[in-house]
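Chemist: Protein chains in written order, with this note's numbering: chain C, 1 to 333; chain G, 1 to 333; chain A, 1 to 209; chain W, 1 to 209.
What the hints contain is simulated information worked out from the structure, not anything from laboratory work.
Every residue, glycine too, gets a C-beta built ideally from N, C-alpha and C.
Some clues are possibly wrong.
[As the list claims (entries may be wrong)] Some chain C residues judged to face chain G by a derived CB distance under 7 Å, without partners named: (1) Leu26; (2) Tyr31; (3) Ala232; (4) Val234; (5) Gly252; (6) Pro266; (7) Val293.
[Claimed, not checked] Residues from chain W that face chain G, not an exhaustive set, calculated with beta carbons under 7 Å: (8) Asn41; (9) Lys52; (10) Asn56; (11) Pro58; (12) Ala79; (13) Arg111; (14) Gly177.
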Amino acid sequence: MKKIINDPATVVVDALRGMALAHADLLDVQYEPAVVVRADAPVPRKVALISGGGSGHEPLHGGFVGRGMLDAACPGAVFTSPTPDQVAAAVTRTDGGAGALLIVKNYTGDVLNFETAAELAAADGVDVRTVVIDDDVAVKDSLYTAGRRGVGGTVLLEKIVGAAAERGVDLDGCEALARRVISQVRSMGLALTACTVPHAGEPSFTLADDEMELGIGIHGEPGRQRVPVGSAEVLVPALLDPIVEDLPFGEGDRVLLFTNSMGGTPLIELYLAHGIAERLLAERGITVERRLVGPYITSLEMQGMSLTLLKLDDEMVELWDAPVHTPALRWGV
Amino acid sequence: MKKIINDPATVVVDALRGMALAHADLLDVQYEPAVVVRADAPVPRKVALISGGGSGHEPLHGGFVGRGMLDAACPGAVFTSPTPDQVAAAVTRTDGGAGALLIVKNYTGDVLNFETAAELAAADGVDVRTVVIDDDVAVKDSLYTAGRRGVGGTVLLEKIVGAAAERGVDLDGCEALARRVISQVRSMGLALTACTVPHAGEPSFTLADDEMELGIGIHGEPGRQRVPVGSAEVLVPALLDPIVEDLPFGEGDRVLLFTNSMGGTPLIELYLAHGIAERLLAERGITVERRLVGPYITSLEMQGMSLTLLKLDDEMVELWDAPVHTPALRWGV
Amino acid sequence: MDCTAESVADAMRAVAAVVVEHRDELIRLDREIGDGDHGENMARGFTALVSKLDGNVPSSPGGVLRLAATTLISTVGGAAGPLYGTAFLRAATSVGDVASMDGAVVAAALRAALEGVVARGKAELGDKTMVDALTPAVAAAESVAATGGGVAEVLEAAAEAAELGADSTVPLVARKGRASYLGERSAGHLDPGARSTSLLLRTFAGRAR
Amino acid sequence: MDCTAESVADAMRAVAAVVVEHRDELIRLDREIGDGDHGENMARGFTALVSKLDGNVPSSPGGVLRLAATTLISTVGGAAGPLYGTAFLRAATSVGDVASMDGAVVAAALRAALEGVVARGKAELGDKTMVDALTPAVAAAESVAATGGGVAEVLEAAAEAAELGADSTVPLVARKGRASYLGERSAGHLDPGARSTSLLLRTFAGRAR
Ligand SMILES: Nc1ncnc2c1ncn2[C@@H]1O[C@H](COP(=O)(O)OP(=O)(O)O)[C@@H](O)[C@H]1O
Ligand SMILES: Nc1ncnc2c1ncn2[C@@H]1O[C@H](COP(=O)(O)OP(=O)(O)O)[C@@H](O)[C@H]1O
Ligand SMILES: [Mg+2]
Ligand SMILES: [Mg+2]
Ligand SMILES: [Mg+2]
Ligand SMILES: [Mg+2]
């Protein structure tokens with residue numbers, strides 16, 4: 001394992017210290033328990049948007065804290081969901097009197113820990129709602145699994161609902177919008193290499209030189225299927241087709257295409273893949289109206305990528321374009 | 001070699017196609033010869049800022065084309081400087097009547113190709129100036145080498161001079177400012193893993209599990225010294241000390257600290273390293289007034305990082321803060 | 001033996017040592033069909049519990065169990081944190097404020113723990129989770145307690161059954177937790193949470209002797 | 001033999017084939033002390049030259065050399081592009097518009113090429129660059145031409161000297177180009193540009209026989 005770290009047990013806190021210094025104008029970082037809070041929190045009469053999950057997916061979620069997106073993020077240990085007291089502290093710190101919306105990615109650990117936190121916060125009299133995002137089409141037979149995982153769609157959800165909350169939409173409205181985004185977003189990812197969790201010290205899995213994991217999650221957990229690596233012309237439809245067919249997306253649909261790096265895949269490959277995905281969508285008569293290309297929801301140093309497709313309507317486009325000022329996404333300000 | 005590509009010979013053009021689709025509002029991409037041009041070029045009476053170099057360092061340089069930064073970028077083959085006709089075409093496309101400033105990283109190939117292009121453009125009657133950036137303190141004995149390489153300082157140079165050009169500073173002024181930045185910026189990098197150039201198909205070098213290359217360039221060329229990997233508390237000063245001692249930077253100096261990933265190092269490690277660098281600078285009485293943290297000048301999928309330190313004055317701070325609207329850097333708009 | 005607050009606290013310290021010792025094994029098991037953090041999560045949680053117990057042991061066995069619950073909930077994270085946390089919380093409630101536990105109290109506490117885990121995680125027997133270790137352990141504990149067995153006998157029976165239960169997860173296809181994403185590929189691996197449950201019970205049994 | 005535009009064009013086609021054949025070797029050499037692109041750069045440039053020559057061969061040897069120069073400059077990039085480009089440009093100028101070259105014209109063209117490379121790249125003998133192959137080649141060519149040698153003899157002598165010159169770069173510490181960043185670690189490796197220069201001259205010599 002080669003990493004720029006000190007003690008594996010303190011990686012998250014050590015990184016938070018650097019993040020706090022790098023973005024002191026935007027973020028207020030608490031350590032006991034660990035919470036990344038918007039510098040001007042609580043914002044009076046604004047719905048507080050809170051998310052979190054295991055660390056190792058940076059910039060998700062801490063990089064999305066700030067005006068027009070999250071009010072707080074709760075970073076767990078690497079690939080381990082945060083504890084309820086982190087989430088409860090986040091609610092307390094950001095509650096502006098309009099309630100809090102918890103954005104939870106669908107993993108057993110995340111769901112259980114946020115559930116406990118919601119009980120604690122409700123006991124404190126805060127109106128807390130929870131939405132669970134499960135956009136990963138790679139997980140089949142959800143009856144026989146923990147259900148579809150929350151992956152790339154989370155970034156789009158946080159941006160769009162973040163913009164609504166910033167505009168003063170109330171808790172009911174934010175919750176309904178979040179559920180609408182969840183119902184219209186689908187993702188799938190692949191890994192060319194594994195990643196190494198610092199405290200584990202060894203890669204999560206091993207792939208031969210000509211193999212990839214199709215349908216990988218974002219936690220270094222193996223994917224659904226190990227298949228031979230192909231050219232980009234083969235890989236991109238292997239992700240895109242299941243996504244399109246799942247919702248399904250069809251001719252005439254307007255979409256946001258999010259081409260994401262798992263961390264180790266460089267931008268030159270990502271742009272290359274993005275170009276192919278746009279071409280394939282055009283061939284299906286689907287209009288790409290907005291796009292996001294870059295490493296926004298990652299798995300440490302894993303090489304690989306994911307595609308996310310969100311069916312847009314006018315309101316979502318407007319909310320996507322609305323100002324955002326966070327470490328990782330910034331426009332309109 | 002595992003990459004999301006088709007034919008290694010067309011990687012750059014294939015990636016440019018995706019980039020053009022992803023950023024159609026900002027960029028106009030030409031293919032024969034390959035040039036990434038600001039969508040609203042030429043901007044009348046504005047000095048045209050042009051840079052370029054081998055591809056594989058994304059987002060450098062194409063990701064820095066746009067308002068407040070570059071007017072055009074010339075992407076060569078991967079790790080191969082562009083040809084003179086690319087640069088000449090960039091000058092022709094962006095010349096707004098106020099002349100052009102070529103920003104060249106100090107590598108034999110880049111210098112020679114831009115030199116030829118400058119001759120071609122001058123023959124066409126355009127006032128062309130060239131500045132060569134050589135901020136890599138890892139290269140010693142510059143009398144016996146091709147001189148120090150241009151690395152991380154390039155990003156800061158392009159942002160600061162780009163802001164000046166956008167404000168209407170003339171060619172003399174832009175050139176003088178560029179030379180001032182070059183005189184005050186220093187960098188150094190390290191690699192934990194090698195990268196693989198697509199057409200080569202094999203890693204540029206091999207490192208044992210406990211080795212790193214200190215003083216790595218950005219082209220997968222081996223560094224000056226192969227040393228054992230240490231903890232972040234050892235690695236960060238190994239980069240920072242030679243930088244601070246070179247200029248030298250001293251107590252009371254105001255600086256911009258740029259903590260850069262070589263591509264494969266994830267943000268969690270980068271923030272961790274950034275935090276240590278800030279602490280070490282504070283211990284030396286050096287004030288970090290601005291910072292940039294992320295993968296902005298990379299070596300494909302290489303794991304590693306670099307630090308860049310720029311001594312600031314009021315004018316540079318103001319120009320750094322000025323609006324910029326490019327694919328990779330965006331604020332104030 | 002006397003099953004007082006002090007002896008439950010000692011058992012918790014012993015569990016912490018065992019979990020730390022088996023940290024890498026649990027990580028490896030979780031790497032195979034999960035995300036490789038189970039050993040680290042459990043070690044972090046029980047290490048935190050040990051420092052909380054230092055010089056500050058609650059006055060009843062139930063108090064120690066409650067402290068274990070809140071500490072695990074606030075330090076473990078992941079799926080295991082809330083599940084083990086709920087297990088200890090329900091056990092604590094079941095034990096109440098008795099000063100010393102006997103075999104029947106222990107068996108009832110185990111039953112409450114199992115019910116908590118199932119209430120939280122909704123896993124059924126055969127889903128390849130810690131429930132597969134805990135369910136037979138509870139049954140064995142109850143049958144020994146029903147015939148008047150003491151704490152040592154109850155826990156010995158539970159530990160033995162948990163080991164067999166954990167081993168029974170190997171051929172199973174996971175239907176809950178992270179391993180379920182693997183589908184058929186999860187078969188052939190021991191479930192890390194079932195393994196940690198059997199380690200816990202084995203250690204408790206060892207201290208009760 | 002007759003050294004006309006057609007035969008120079010044929011020689012360029014032969015060079016392209018040889019460069020493509022040695023592409024991986026040149027990449028490997030450049031990977032060791034550079035950035036691993038020299039073989040790809042040269043193959044790209046000469047392949048482009050071959051398509052330009054298809055059905056459109058300039059009317060004089062000088063014209064072919066000039067076409068080689070502009071094509072290499074606009075397709076090779078890196079250090080090698082401008083250096084080989086300048087070399088062919090200066091050679092073309094030196095040859096002028098003669099319809100066929102003799103030994104003396106070839107030797108003079110090689111001298112002009114060397115001067116162009118040195119003017120552009122400022123490398124001295126012993127800096128571990130293509131100059132170390134080209135310099136002895138020019139000297140050998142000139143001495144054969146001075147005693148009335150024909151094109152074939154002149155190029156044979158140049159090729160032989162270039163090979164020795166290229167080999168002589170192995171122990172050197174680079175002081176120019178990318179290899180110079182390695183300092184002492186550049187010693188023990190053959191310079192890729194010197195190797196490609198010797199391949200070019202060997203191929204020219206082969207076609208001249
Ligand atoms: N729904 C569930 N019910 C019971 N146990 C579960 C459930 N989901 C997961 N587990 C247990 O949790 C263990 C994994 O714990 P851990 O690795 O710490 O959490 P995570 O899966 O969040 O990384 C599994 O091996 C399994 O025994
Ligand atoms: N200043 C110079 N003068 C002469 N030859 C040089 C000089 N710099 C580099 N070279 C030659 O160029 C070769 C490298 O070419 P190439 O790999 O194509 O370009 P780059 O170094 O830009 O990647 C070296 O092996 C060396 O022979
Ligand atoms: Mg986990
Ligand atoms: Mg090169
Ligand atoms: Mg786990
Ligand atoms: Mg090279």
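Chemist: Provide an ascending list of the numbers of those earlier hints which the structure does not satisfy.
Modeler: Hint check: 1, 2, 4, 5, 9, 10, 11 and 13 fail, others pass.
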